[in-house]
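Visitor: Those sequence lines, one after another, are chains Z and B.
Using the working numbering, the first residue of the first sequence is number -16, and each one after it goes up by one.
Using the working numbering, the first residue of the second sequence is number 208, and each one after it goes up by one.
By construction, these hints were calculated from the structure, which means they are not laboratory data.
All residues carry an ideal CB built from backbone N, CA and C; glycine is no exception.
Hints may be right or wrong, so weigh each one.
[As the list claims (entries may be wrong)] Subject to a maximum C-alpha distance of 27 Å in a straight line, what follows is the list of computed DSS-like cross-link-like pairs (lysine-lysine): (1) Z/Lys47 <-> B/Lys320; (2) B/Lys277 <-> B/Lys320; (3) B/Lys360 <-> Z/Lys47; (4) B/Lys360 <-> Z/Lys364; (5) B/Lys345 <-> B/Lys277; (6) B/Lys345 <-> Z/Lys47; (7) Z/Lys320 <-> B/Lys360.
[Claimed, not checked] To give an idea of the chain B side of the interface with chain Z (calculated C-beta under 10 Å), a few residues: (8) Leu310; (9) Glu348; (10) Ile350; (11) Asp351; (12) Glu354; (13) Glu356; (14) Thr357; (15) Arg359; (16) Lys360; (17) Thr409; (18) Asp410; (19) Asn413; (20) His414.
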Amino acid sequence: MLEHAELAWLLPKTGRRHHKQGRTNAPVFGIETDMAGGGSFDTFPKLLLRNAAQLGTRPAFRHKDLGIWQSWTWAQVAEIVRAYAAGLHRLGLQPGDTIAVVGSNRPKLYWTMMAAQVLCAIPVPVYSDAVADELAFVLAHAEAKFVAAQDQEQVDKILSVSDRLPQLSKIVYDERRGLEGYDHSRIIAIGDVIEDGRAALAADAALGARIDEFVRAAKGSDIAIILYTSGTTGAPKGVMLSARGCIDAATDTTRFDRLTDRDVVLAYLPLAWAGDHYVSYVQGLVAGFCIACPESGDTIEQDRREIGPTFYLAPPRGFEAMLTRLMVRMEDAAPIKRRLFSYFLDVAWRYGEQVLTGRPVPLSGRLLYGLGRWLVYEPLKNVLGLSLVRVAYTGGEAIGPELFAFYRSIGLNLKQLYGQTEAFLYVTCQPDGEIYSDTVGPRAPNVDIRIAESGEVQFRSPGMFLGYFKDQAKTAEAMTSDGYVRTGDAGFFDEKTGHLKIIDRAKDVGRLADGTMFAPKYLENRLKFYPNIKEAVTFGDSRDFVCAMLNIDPVAVANWAERNNVAYGSYQELAGHPLVYDMVAKDVAEVNRSLAKETVLAGAQVRRFLILPKELDADDGELTRTQKVRRRFIAERYAPLVTALYNGSQEADISTEVTLEDGRKGTIAARVKVRDMQVIGPAESLGIAA
Amino acid sequence: MRAPDTNEILLQVEGVALAFGGVKALRDVSFNVRKGEIRAIIGPNGAGKTSMLNVVNGFYHPNRGVITFKGRTRAKMQPFEAARGGIARTFQNVALFKGMSALDNIMAGRTLKVRRGLLWQMLRYGPALAEEAEHRRKVEEIIDFLEIETIRKVPVGRLPYGLQKRVELGRALAMEPDLLLLDEPMAGMNLEEKEDMSRFITDVNNHYGTAIALIEHDMAVVMDLSDRVAVLDHGVKIADGTPDEVKKSQAVIDAYLGVAH
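Construct the entire structure; sequences and hints are all you get.
Guide: So this is what it looks like as structure tokens:
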């Protein structure tokens, strides 16, 4: 804990007084503060000062080092960051300079961002697993003058490309190991920078005044950070965010989920990802909660158990991996435990969601669930380190309904959100008690969303980006003329729940002749959900109705054929079998029934379908190498079949070339039947559902 | 890059001979290890490499010859005396306490550094506890150094071989030795594990300035890691020098490839 005298710099000249540490709502900078939000604190250094003054003795950071959780209070962090900033200032970091941050979640790297922001410099976190080449691209594009690197590995990577980085002047690093023998004219330990800054501050009062002046003069509208997108589609783009925007957005969401300084997060996601920056850094500063950094990337599970985070964000695959590991371990458990587990999982399946959302549950169910909680669910959450989680989010991609339901059924308040780096961060999120596996929730507070003519989701949000760094053209592309950001995703607001549903990438979405939205991937995924259907290709853009070409799954259908004494000689014969058609027709009818419930898509039910006599294959160019259907190519290749689907004929002949395993070409000729489907009205669908 | 090499001799072995009945394992072998260097001992199977290490750390007592370690010449010595003197080693076949956790195994390496008596330790109170915390800190530094945080609490018997080797190295390091003897530290490892282990060996050498004598069969590793290489064949030293010199030595080529008759 720091002495009061050392804390004095945290307080404005006019408001300096004996400050009682701990949580108060005392005026700092002469303004009433509200711990639930950023309030009038429009930059991160100001927030840091506020936290140091109001939450001085509360933990700000924890990091497991040498097997022990080390803690720093907000007051300590403020002192360290000030010294660090002074040290960086002496090394020549100027306002407006960029400083790249490369490494995993370490307090010193978060402090680097804070110290840079104190000096009005711009931190640029970079993915630490990027190879040297990618790293060089981002560092060069960001014109990084400084780099903060975690360890020898990162330093080596940067040094290996330093000839491509003329602006680079200094590398600061966190972990000394292996770097002892390096030429230290360009690299310096963060610890030494802090020490140097501390000594300089003690010796020279004017330096302290200069640093404090930076903080006072900084504006919320300045660029606070540049987050580079991962660059899955083209070169990475630097998303510029303003301090005020970040803080306003996080203020809204901390209120929405009632986050306070008593909360704890485990900072384990990549520093460069907007998700971590939002959840750990920005929300941490805004709400004043503790940011816990794991010991290493491999110990996250153990560390999560020890820390017990109360707020948790993970992409769907994170939850999936957790469940898989759990199931594998369950396989090794004693038989009685396995039986207990599966019995109470069934109970959870039946009553869990209702219990969690507070809907009525029969007494017997309530009792059983209570017993299950005691015997299975709580121990399970304990093992996963999720016991204390109040709010958990998943986002980034669609989560499997079963996976989602599993976590909710055992009592984890898992919700979905939708957002992107450009929005920093959510534009929609599900409130407690309004949870659906297929929606991403209603508008987040203060976010304005509209669905464009094309079906594209467009938004304006408090945290909205200022533009892409040094890329006017891309910025213009991402915005509409009236100031909305294009997400590139197509979606619609579900009428029943008022939640947003994301259905497809906007460029793939088309319209039927009558104007109904046609989202091919959405339909195809619905169809492929059934085990009998392996691939689906849907047509409908500018047509009168929707048709589908299907591939049966040879394994599932062959298995069915064996059990039902259906004889067949080849894939082609099996695919054309009337009984197979009947079976698949049932699946398609199911899809139609569920589509009928969605007003926007009810008109896009599958009217006719056929089963292709051959499997779609990447060797024939029908699929991409990542197994995505190439719709346009298939339409050309099977043109006679498409014609038959739309001209009402009951069958059509097709002859097509196939590439055999050994590279030789062969030809398949077949007569393919077309099956008509019933279109289901909304009333009917409800009748069946009830 | 590495700790400054001095030419100061840490270990001097002179005219050592060792025989088991009629089998002459070592015949008049002399070599030395300098402070802070990495010294490799290579040779075909049965050349006497492990015997040499066993002689150095007091497992075997040579029939003839003198061993001088840190300026002190000794005739007969027990392994624990060698350990106390600052010689630590790992074994060709991992020799860990299988049922104990990685942490406890490495803690065991601190045994000789424990100052409080058995009674204090049993009470685990006051000064004894403070001392244990201090040892634990050292051990945690090693765990951090070898990047084995994840397996801290895992019983060693359940670990894959590569990690067991790493734990064994950790236990040897816990003694804070002046001389580290590594008997085939990379035997049975895949390429990635070998690269990791090579990195740890150079890091130990750089960071702690520990002199290392190692036996290894992987020539690429040996030539890459070591400052000087001694070659044994049938208990006789046939070459000694830098990796380049050794590679060119006709005697070595003959020993490895055989001589045309």
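Visitor: Does each hint hold? Answer for all of them.
Guide: Status of the hints after comparison with the structure:
no. : hint                  : result
1   : Z/Lys47 <-> B/Lys320  : holds (26 Å)
2   : B/Lys277 <-> B/Lys320 : holds (19 Å)
3   : B/Lys360 <-> Z/Lys47  : holds (15 Å)
4   : B/Lys360 <-> Z/Lys364 : holds (21 Å)
5   : B/Lys345 <-> B/Lys277 : holds (24 Å)
6   : B/Lys345 <-> Z/Lys47  : holds (16 Å)
7   : Z/Lys320 <-> B/Lys360 : holds (24 Å)
8   : Leu310                : holds (8 Å)
9   : Glu348                : holds (6 Å)
10  : Ile350                : holds (7 Å)
11  : Asp351                : holds (6 Å)
12  : Glu354                : holds (7 Å)
13  : Glu356                : holds (5 Å)
14  : Thr357                : holds (4 Å)
15  : Arg359                : holds (7 Å)
16  : Lys360                : holds (8 Å)
17  : Thr409                : holds (9 Å)
18  : Asp410                : holds (6 Å)
19  : Asn413                : holds (6 Å)
20  : His414                : holds (7 Å)
Against the hints set out earlier in the document, no violation occurs for any number.
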